[in-house]
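Visitor: Chains as they are written, first to last, in this note's numbering: chain A, 1193 to 1438; chain B, 1036 to 1265; chain C, 2 to 53.
Think of the hints as simulated: they come from the structure by calculation, not from any bench.
Please read these numbers as outputs of a predicted model, since none were measured by experiment.
Careful: at least some of the hints might be erroneous.
[What the hints assert, rightly or not] For lysine-lysine, the following DSS-like pairs were computed, each having C-alpha atoms within a straight-line distance of at most 25 Å:
(1) Lys1274/A with Lys1436/A
(2) Lys1052/B with Lys1116/B
(3) Lys1436/A with Lys39/C
(4) Lys39/C with Lys1420/A
(5) Lys42/C with Lys1420/A
(6) Lys47/C with Lys1428/A
Chain residues, written in single-letter form:
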Amino acid sequence: MFDWLANPNRFNRITNKVQPFFALLSIVTIIFGLYFGLFDSPKDYQQGDAVRIMYVHVPSAWLASGLYLSLAISCIFYLVWKHPLADIISRSIAPIGALFSLLTLITGSLWGKPMWGTWWVWDARLTSMLILFFFYAGYILLSNAFERKIDGSKSSAVLAIIGIINLPIIKFSVDWWHTLHQPSSILKLDGPSINEQMLLPLILMIIGFSFLSSYLIILNVKTKLIEKKCEALILKSNLNEISKLG
Amino acid sequence: MNFINSSWTVLFISHIKREVLVNTRSLIDVISVFGFMLLIIILFPIGIGPTKEKLDIVSNSILWISLIISIIPSLEKMLQKDFDSGWLDQIATSPAPLEIILLAKSISHWLIVIIPLILASPLFAILLDLEFNQIPWIILSMSIGGLSISLIGIIGAALVLGARRGNALLPVLIIPLIIPILIFGVGINEAVKTGSSPLAHLFLLIAFNLIYLVISPFVSALLIRIAISR
Amino acid sequence: MINEFWLMDGYNIYIWPSYILTLSSLVYLTISSIYLSKKAKNLLKKLEELES
C-alpha cells in the first residue's frame, strides 16, 4: 500500500487537488480565530486580557508536539520500508515543528512575564518544550551534518525515534522535578476552566495552524521532489557531455 | 558453568580487558578528565561566593553537573579510533556479536572514566563542604547514573559516526537523554541531605540502567551498521 | 474605546508582540516556501527545455 502512496506522480496528483483547500481553509480559520480571540472572547477573571496569548501559545504547543509525532512516524516508515519519500517528508516537517516549538517558548515567556513576573519560568511544560526544541534542532543538525545529504537520513531517523520514545520519559522526569521543587505560585499556564467562548478561538487557531502546516509540508515536499528531478537531469546532461568527450 | 565458559562471556571479558589496557596506557588521559572535573568544581564556588548557605543548596547539583560535563569529551573517543582504523568494519561484517562488544565498550568506558571520578568524590565532597554521611550515597548514585551515561554516550557516539563536526554535535544530541539521570541522581543526594527516603529516586535510576543496558547495544549496533554501509 | 482594545488592560506589550511574532514568522515561512517552489519549478522548466 505504501508503494502505491509513495509514487511521486500519484503523490503530486493527489496533493495538487488538496493543496488549494488546505491553503484556503487555513487562511479562513486563522482569520476567524484571530477575530474571536482578539475581539469576541471574554477576558479571564484572573488574568485579564493576558489570557489572549493562550490563543497563539497553546496551538503552537499542540502543533510542535503533533508535528514531532508525525516526524517520528515518518522516520519509522523510512527506516522500515526505506521509502525515499518518507525521508523527504521528515526533512520537510522538521523546520516547521522547530519553528512552532520556538514560538511556544517565546509566547510562553511573554505570557509568563505578566503572570509570574519573570521572563523565563522553569514550568514543567515550558521545560519539556525546550527539550523538544532540542530534539528538533538535533534532527535538523544531524540530517545535514554529512557530506552527502542521504548519509544523514538514516542516522537522524534513528535519532527521531529515540526522541519520541524518550519524550514521555523526559516529560515524566521533568514533571517529577517540578513538583519536587514546589514552586511558590501554582498558576496554570492555560487559564482556569476554559469556558465555551474561549474554546472557539482556541480550536479555530489549532485547526488553522494544522492546515497551514499541512500545506507547507506538501509544498516543501514537492519542491524537494522537483529539486531531485533537476539534479537527475543535470547529472544526465553531465554524463552525456562526458561520454561525448570520450 | 556452561554460561561462564560460553564464547560470549569470554568475548565480553576479553574485550573489556582490551579496552582498559588500550585506554589507560597514557596516564595523561586519565588525569586530564579528573583535572577537568576538579576545575569545574573549583569554578562554581568561586562564581557563587563562599557563603555556606548558598553553596549548601547547590553543592549536589554542582557535583553531578561537573561529572556530566567532564565525561562528554571522552564520549567521542569511544568509537572514533576503531571506526577510523577499520576495526569496527571488520567486527560488524563478521559473525561476532557486535552488541556484546558495544556493551563491553560501554562498561569499560564506565570503568575507565567514571569510576575514577567517583572514587575521587570524597575530595570533591570536601571542597563543596558536603557531609561525610552523604558520601556513600553520592558514590552509589553516581556509579549507577554513570553507567547510564556511558550507555547513552555510546549511542551518541554511534549517531555522529562519520559526520562532519560530529564532536560539536554529540552533546546536543544526548543531553536531553541525560536530563532524567541528572534529575534523579541529584534527587537521591538531596533526599539523603534532607533526611527523606532516596529509594524512589534510586529505583528509578536502576530502572534507567536496566532499560539502557538492553537498548543501548542494539541501537548503537544498528547505527554502526548504518555508518559502515555508507 | 479603541484605545481600550489596543491597550488590552496594560498587557499590550506582551500580547501584541506574541501575535505579531507568530503571524509574521508563519507568513514568512509560507512566502519563502512558495518562492523556493517557484524557483525550483523554473529551474526544472529550463532544464527540460535544454534537454529537448
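Visitor: Output the indices of the hints that this structure fails to meet, ascending.
Guide: When the structure is compared with the hints, numbers 1 and 3 turn out to be violated.
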